[in-house]
Amino acid sequence: MAGNQNVPAYAIHGDVVVVGDGGSEGLEDVPQRLIETFGADIRMQRDHKDAPKRERNEDGILRLPGLPTVSENWLRAVNEDTNEVRYQWWDGKSEAIVWKEDGRWKMHFTPAGAESLHVDLGKTRSVNKALSRADRVIGMAPEVTTEQLWDYVVHEAHLSDGGFPSQRPIPTAT
Amino acid sequence: MADNKIVLWSPDIMKALFIPADSARKVEVIDISGQDDIHALGGGISVPSRYDSDSIMFVIQRTTREMNVRATGHIEVPAAERIWQGTRTCPLTRSTGTL
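So the sequences go chain by chain: A and B. Everything in the first sequence is counted per the working numbering, starting at 1 for the first residue and increasing by one. Everything in the second sequence is counted per the working numbering, starting at 175 for the first residue and increasing by one.
So here's chain A without its partners, still in its complex pose (with noise of 0.2 Å):
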């Protein structure tokens, strides 16, 4: 007896987690075409629950998004010549420099109103996934303080785990 045609042969149950898979580099971000063909709304997982909303702080400082992705007004272009990966804030006041030293991504950031950072970015072969690291520091709103710049890195950026230093960074004098 024929089936019925609207029944896949093969079907899945249950929830579904898709990750991208970067080969012997393990895991790495779910591709984006898959992003774009499920339409799927974005989130931050921390710890299983929800990140927590930050509104603006006394400071009037513009809060810190719970998803950090970088915005529309930030402009990233590759340097050819250098082989660096710039942002720029759109109004020039924020930037951040990425480029590959020593086979480790590093970045340089100098958001407005605070103080530059150096940032170690780790080790992988892969252009996207350093500028997705990238992407996660600096995607908030350029006008941070250092304070909340170190305490988004921190509690935000889930980049506390796996060895994290917990004691602030000591700033040297230039």
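The calculated label-pair distances, taken between Cβ atoms and stated as ranges, are:
hint	chain 1	residue 1	chain 2	residue 2	range
1	B	Glu240	A	Arg86	44 to 52 Å
2	A	Arg104	B	Tyr225	28 to 36 Å
3	B	Tyr225	A	Asp102	31 to 39 Å
4	A	Arg33	B	Gln209	21 to 29 Å
5	B	Val243	A	Gly26	24 to 32 Å
6	A	Gly103	B	Lys200	36 to 44 Å
7	B	Asp196	A	Gln32	21 to 29 Å
8	B	Lys200	A	Asp102	39 to 47 Å
9	A	Glu84	B	Met241	44 to 52 Å
10	B	Ser197	A	Tyr10	13 to 21 Å
11	A	Gln32	B	Ser197	20 to 28 Å
12	B	Asp210	A	Glu101	29 to 37 Å
13	A	His108	B	Lys200	32 to 40 Å
14	A	Gly23	B	Asp210	18 to 26 Å
These stretches of chain A come out as covered by chain B in the derived footprint (C-beta under 8 Å, 3 or more residues):
hint	stretch
15	13-22
16	26-32
Note that these hints are calculated values from the structure, not bench results. Where a beta carbon is used, it is the ideal one built from N, C-alpha and C, also for glycine.
Here the structure of chain A is known, so what remains is to put chain B in place on it, guided by the hints.
The following block gives chain B in isolation, referenced to the frame of chain A:
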């Protein structure tokens, strides 16, 4: 202006796509730090399957075995297209590389 020196020994935080079996719930992009997070989402059991060349689909097994229509539809269409095109290979769409 002072210059802070920060070294981030960051774990691999990555974006993942969460596709609920319940079609009334929206598909979401979530951040996970690894496969353990996926297991935790599923209550301890998640089964990896591969339907694309550049992604892995973890099916979370629970007591309720509701069919995931969206995920099923996704794996059916590419398979049908590959048969139609007479090939068993998956197109590579990643734009990764090294500088």
